[in-house]
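Engineer: Okay, here's what each chain looks like letter by letter:
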Amino acid sequence: MALRDIAIVGTAQRPSEVNSTFTSVEILLPVIQQLLDKVGIERSDIGFWCHGSCDYMSGQPFSFVSAVDAIGAWPPIVESHVEADGALALYEAWVKIQTGEVDVALVFSNGKTTSGPIDQILSLQTDPYMVAPLKPGFDALAALQARACLDAGVVTERQMAEVASRSRRDANNNAIAFTKGNESVEELLAMPYTMNPLRAHDCATPVDGCNAVVLAAGDIARRLATRPAWIRGIDHRIDTQRLGARSMTESSSAAIAAQKAGVGKDRIDVAELHAPYTHQELLLRKAMGLSESTHINPSGGALVANPAMAAGLARFAEAAESIFAGSADRVLAHCTSGPMLQQNLVCVMEGE
Amino acid sequence: MSEADGLVRLRQPIGVTYNWSAGPNATSHLAGLIAGKFIGKRCPSCALVYFPPRNGVCPKCAKILAGDVEVGPKGTITTFCIVNVPFLGQKIKLPYVAAQILLDGADISMQHLIQECEAEDVRIGMRVEPVWKDKSEWGPSLENIQHFRPTGEPDRVMGTESGAS
Amino acid sequence: MTRHCDTSNNGSVKVEASREEFGAGSVVVMSIRCRWRDKKLVVSGTTSHAMVGDVFVAPLEVSYPYKRTVGTLLSRFFTSLSECRLEGTRGSDGRVYFPPAEFDPVTGAQLTEWVSLSDTGTVSTWAWQSTPVEGQPLAHPFAWALITIDGADVPMLHAVDAGSPDNIATGTKVKVRWAEERPGGVTDIACFDVVGGVS
Numbered sequence: 001m002a003l004r005d006i007a008i009v010g011t012a013q014r015p016s017e018v019n020s021t022f023t024s025v026e027i028l029l030p031v032i033q034q035l036l037d038k039v040g041i042e043r044s045d046i047g048f049w050c051h052g053s054c055d056y057m058s059g060q061p062f063s064f065v066s067a068v069d070a071i072g073a074w075p076p077i078v079e080s081h082v083e084a085d086g087a088l089a090l091y092e093a094w095v096k097i098q099t100g101e102v103d104v105a106l107v108f109s110n111g112k113t114t115s116g117p118i119d120q121i122l123s124l125q126t127d128p129y130m131v132a133p134l135k136p137g138f139d140a141l142a143a144l145q146a147r148a149c150l151d152a153g154v155v156t157e158r159q160m161a162e163v164a165s166r167s168r169r170d171a172n173n174n175a176i177a178f179t180k181g182n183e184s185v186e187e188l189l190a191m192p193y194t195m196n197p198l199r200a201h202d203c204a205t206p207v208d209g210c211n212a213v214v215l216a217a218g219d220i221a222r223r224l225a226t227r228p229a230w231i232r233g234i235d236h237r238i239d240t241q242r243l244g245a246r247s248m249t250e251s252s253s254a255a256i257a258a259q260k261a262g263v264g265k266d267r268i269d270v271a272e273l274h275a276p277y278t279h280q281e282l283l284l285r286k287a288m289g290l291s292e293s294t295h296i297n298p299s300g301g302a303l304v305a306n307p308a309m310a311a312g313l314a315r316f317a318e319a320a321e322s323i324f325a326g327s328a329d330r331v332l333a334h335c336t337s338g339p340m341l342q343q344n345l346v347c348v349m350e351g352e
Numbered sequence: 353m354s355e356a357d358g359l360v361r362l363r364q365p366i367g368v369t370y371n372w373s374a375g376p377n378a379t380s381h382l383a384g385l386i387a388g389k390f391i392g393k394r395c396p397s398c399a400l401v402y403f404p405p406r407n408g409v410c411p412k413c414a415k416i417l418a419g420d421v422e423v424g425p426k427g428t429i430t431t432f433c434i435v436n437v438p439f440l441g442q443k444i445k446l447p448y449v450a451a452q453i454l455l456d457g458a459d460i461s462m463q464h465l466i467q468e469c470e471a472e473d474v475r476i477g478m479r480v481e482p483v484w485k486d487k488s489e490w491g492p493s494l495e496n497i498q499h500f501r502p503t504g505e506p507d508r509v510m511g512t513e514s515g516a517s
Numbered sequence: 518m519t520r521h522c523d524t525s526n527n528g529s530v531k532v533e534a535s536r537e538e539f540g541a542g543s544v545v546v547m548s549i550r551c552r553w554r555d556k557k558l559v560v561s562g563t564t565s566h567a568m569v570g571d572v573f574v575a576p577l578e579v580s581y582p583y584k585r586t587v588g589t590l591l592s593r594f595f596t597s598l599s600e601c602r603l604e605g606t607r608g609s610d611g612r613v614y615f616p617p618a619e620f621d622p623v624t625g626a627q628l629t630e631w632v633s634l635s636d637t638g639t640v641s642t643w644a645w646q647s648t649p650v651e652g653q654p655l656a657h658p659f660a661w662a663l664i665t666i667d668g669a670d671v672p673m674l675h676a677v678d679a680g681s682p683d684n685i686a687t688g689t690k691v692k693v694r695w696a697e698e699r700p701g702g703v704t705d706i707a708c709f710d711v712v713g714g715v716s
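So the sequences go chain by chain: A, B and C. When the letters of the first sequence are read in order and numbered with my numbering, they come out as residues 1 to 352. When the letters of the second sequence are read in order and numbered with my numbering, they come out as residues 353 to 517. When the letters of the third sequence are read in order and numbered with my numbering, they come out as residues 518 to 716.
There's no promise every hint is true.
To be verified - Subject to a maximum C-alpha distance of 25 angstroms in a straight line, what follows is the list of computed BS3-like cross-link-like pairs (lysine-lysine):
| hint | chain 1 | residue 1 | chain 2 | residue 2 |
| --- | --- | --- | --- | --- |
| 1 | A | Lys286 | A | Lys260 |
| 2 | A | Lys135 | C | Lys692 |
| 3 | A | Lys135 | C | Lys584 |
| 4 | B | Lys485 | B | Lys443 |
| 5 | A | Lys265 | A | Lys286 |
| 6 | B | Lys389 | B | Lys426 |
| 7 | A | Lys38 | A | Lys96 |
| 8 | B | Lys487 | B | Lys426 |
| 9 | B | Lys445 | B | Lys487 |
| 10 | A | Lys260 | A | Lys96 |
| 11 | A | Lys38 | B | Lys412 |
| 12 | A | Lys135 | C | Lys690 |
| 13 | A | Lys38 | B | Lys415 |
| 14 | B | Lys487 | B | Lys389 |
| 15 | B | Lys445 | B | Lys485 |
Worth flagging that the hints you see were computed from the coordinates, not collected in a lab.
Start from the sequences and build out the full structure, keeping to the hints where you can.
Structural biologist: Next comes the structure, spelled out in C-alpha cells:
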C-alpha cells in the first residue's frame, strides 16, 4: 500500500499562562476556532478529530473527554483521544488519514498543568509497586539521569547551562513562551542547585496551555496551505519502563525512532525537540545524530513553556510554522513521554 | 500486607490535591445557588438554555454561553431510576429515586433526588419542586437542595417542551 | 485578615486565603456567626466558598485507597522483604534484577530463577532532594539513588540518608536500613545508609 502524502496545513497555540482560572474547555474553544479561521475551513470540513490530554492534569474524572464540548460534537463527529501528548494524537490522526477513511483531521491538546502538583502527578505513572510508593518527583528522576550523564562525561554542567541560556534568549521572540531571559552561562552556573545536579533553569516551566493543528492529504493540503509541511517520516519507540534496566546516558528509543523517521537521510534545518530538562536536549541531539548546522528549538523549546500533554504538539506546530514561513525546508519535530526520555516520537517534515 | 489465595495484597493509597477553578462562565450560576436561585445560561447561536452551564460552552455549537436565564424552581421528571444498591458513605434510606429533572425554562435536565413520595409513584412527567436546606448551609452547590418533591400538579406530557431532554 | 464584620447580625466576611489552600490571589468567603454570650462576642464560621477575582475556586482532593494484588512472583518478593531478606531474579542474559523482574525486559521471557542477595549495594547514580515532600522515605533532605545490590546487576530506586550531598557519589557503598514496622511493600526498606567510602 502506497503511503498518502499528508501535511500540517495550519497551527494555533494559546500564549502560555499560569494559574489560569478558565476551564479547559474555555481555554481550548478560541484556539480551535482561531485555527479553523486561519485555515479557512468549517467544523464540518473536519473528517476526524483527535485529542491528546489526561484527566490527571485537573484531577476530575472525565475532564479530559469533556473537552469535546470545545469542538461542537453535533451533528455527531468522528473523534478519538489518547491519554498522552497531542503529538501522539497527531500520529493517530496521520494513521487515520492513511487508511483513506478521511482526508482532513484536526488534532488538539491541552493541559492545565499548574492546577496541581505536576512534579508528583507525573511520578504517578511510574511502577506502582517499586517506584511510585517512594514518591520520587519527575524532577528527581530526571536529576538521576543527569547525574549519570555528568559522571560518564556525556554532558557537562556548562553545556546544560548553554542550552538554558540559549532557550531563554530565543523565548524573547516567542509570544507563546513563558520563561524569558538574557542570562549568560556564567550567571546561570552561579545559581544554586534545586535538585542537585539540576538547577531551576535546567527544568521546564510548567504552564497552562493548549494548541491545535490541521492535517490534510494530497491536493486538499495544497488547496489549504501555500506551503504545506509534508510529513515524510514518523515513528514512535518506547524503552523499558524499568528505570534501572536501560541506559541513563543515551536514548535508544529516540535513536531508533529518528532512524526510522528518516532523520539521517538529509540535512535537518530546524529541530524542535521536546526536552523538559537541559541535559535531555543534549542526549536527544546525540541520539538523533543532529549536526551543528541544525538550528535547535528556535522557539525556546519546552524548557520555556511546558504545558503537560501539549508540549510535544507545540514542537510540531513550531516546526511546521518554520516551513510555512520559508525559513526552513526540512525540519524535525519530537515528543517525549515518561520519565528519563522513556518514549520518543520523531517526525520529519519538508516543504515542497 | 494481606493475603488472598496465598498471594500478597499491598495497601497503596494515592492522593493528590488540585486547585479547581469553575471558570468565569459558571460564576452567575454558582452565585445564583448561593442566593437560592437557579441561573442557567443561553447559547448565543442556538438559544438553548443550559442549567448547569456545562463548562461555559454550548456543546452543540461550540460557542461560549452568554446571557443569564433564571429557570425553575419547579421542573418535570424526564427519566428516573430506583436505586437499591448502597454505596460508600450513603446517608439516604433504600430504595431511593434519582431523577433527571427538566427545570421550567431549561433545555437540558439536571440530576437530583426525589423524596417525600413512594418510589413506585415516581413517573416521567411528574411535576416536582426543590426543598432547600437551611440557608445557613448554602454554598455554591446543588447540594443546597436537600431533594425534590412532587408538587401535586397534573403531569406535564413530554414532547410539549422545547429543546433536548 | 478580617475586613469588616457586622456583629449585630449573622453575616459574611471576606478573608484572604492562604496560597497553599486555594491558589495564588484567592479570597475565601466565610459565613460568620456572631453571637453575644455573657457579654462576650462569640464568633464561629465555616468556609462558604473561595474566589479568584470573579471566578469560584475550590481545592479538589482526589484520593483512592488502592489495595494492589501483586501476583505470584512479587508475592514471594514482598514476603521475603518483610522478613528482611533480599531476593532477585536472573534474566535471560544472566543479569540479576533486584527488585526481581517477572519478565525479561529484552526477551519477554518469564523469569523463574531466584538469587539470594546481601543487604549491601553500590550507588550507580544519585540526586539530592533538598526539600522533601510528604510521603517520601525521609522527612529531612536526602539523596535519591539507583542502587545496585551486591550480587545483582540491574539497580533499584531508593533513598539514601547521606546527610549531605557531599557524602554521596556514584560508587558510594550503602546498606539497607529496615523499617521497624514492615506492613509490606518496597517501603519495608526504610532507606539506605552510607557505609565506608566511595569504591
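Engineer: Are the hints correct? Go through all of them and say.
Structural biologist: Here is what the structure says about each hint:
Distance check on the hinted pair: Lys286/A and Lys260/A sit about 16 angstroms apart at the alpha-carbon level, within 25 angstroms; holds. Between Lys135/A and Lys692/C the alpha-carbon distance is near 21 angstroms, which keeps this suggested pair within the 25 angstroms criterion. Between Lys135/A and Lys584/C, the direct Cα distance comes to roughly 17 angstroms. Compliance with the 25 angstroms bound is thereby established for this hinted pair. Proximity of Lys485/B to Lys443/B is assessed by CA-CA distance (about 15 angstroms); at most 25 angstroms being required, the pair is judged to hold.
Restraint check: the Cα-Cα separation between Lys265/A and Lys286/A comes to about 16 angstroms, which is no more than 25 angstroms; the hinted pair holds. Straight-line distance between C-alpha atoms of Lys389/B and Lys426/B comes to about 11 angstroms, which keeps the hinted pair within the 25 angstroms bound. Straight-line distance between C-alpha atoms of Lys38/A and Lys96/A comes to about 23 angstroms, which keeps the hinted pair within the 25 angstroms bound. Annotation: proposed proximity of Lys487/B to Lys426/B holds, straight-line Cα distance about 19 angstroms (limit 25 angstroms).
The straight-line distance between the Cα atoms of Lys445/B and Lys487/B is roughly 24 angstroms, inside the 25 angstroms bound, and the hint therefore holds. Straight-line distance between C-alpha atoms of Lys260/A and Lys96/A comes to about 20 angstroms, which keeps the hinted pair within the 25 angstroms bound. Between Lys38/A and Lys412/B the alpha-carbon distance is near 22 angstroms, which keeps this suggested pair within the 25 angstroms criterion. For the hint pairing Lys135/A with Lys690/C, the CA-to-CA distance comes to about 23 angstroms; that is within 25 angstroms, so the pair holds.
As the CA atoms of Lys38/A and Lys415/B are separated by approximately 18 angstroms, the hinted pair is consistent with the 25 angstroms bound. Of the supplied pair hints, the one linking Lys487/B and Lys389/B holds, its CA atoms being roughly 12 angstroms apart against a limit of 25 angstroms. A C-alpha spacing of about 18 angstroms is found between Lys445/B and Lys485/B, which places the hinted pair at or below 25 angstroms, so the restraint holds.
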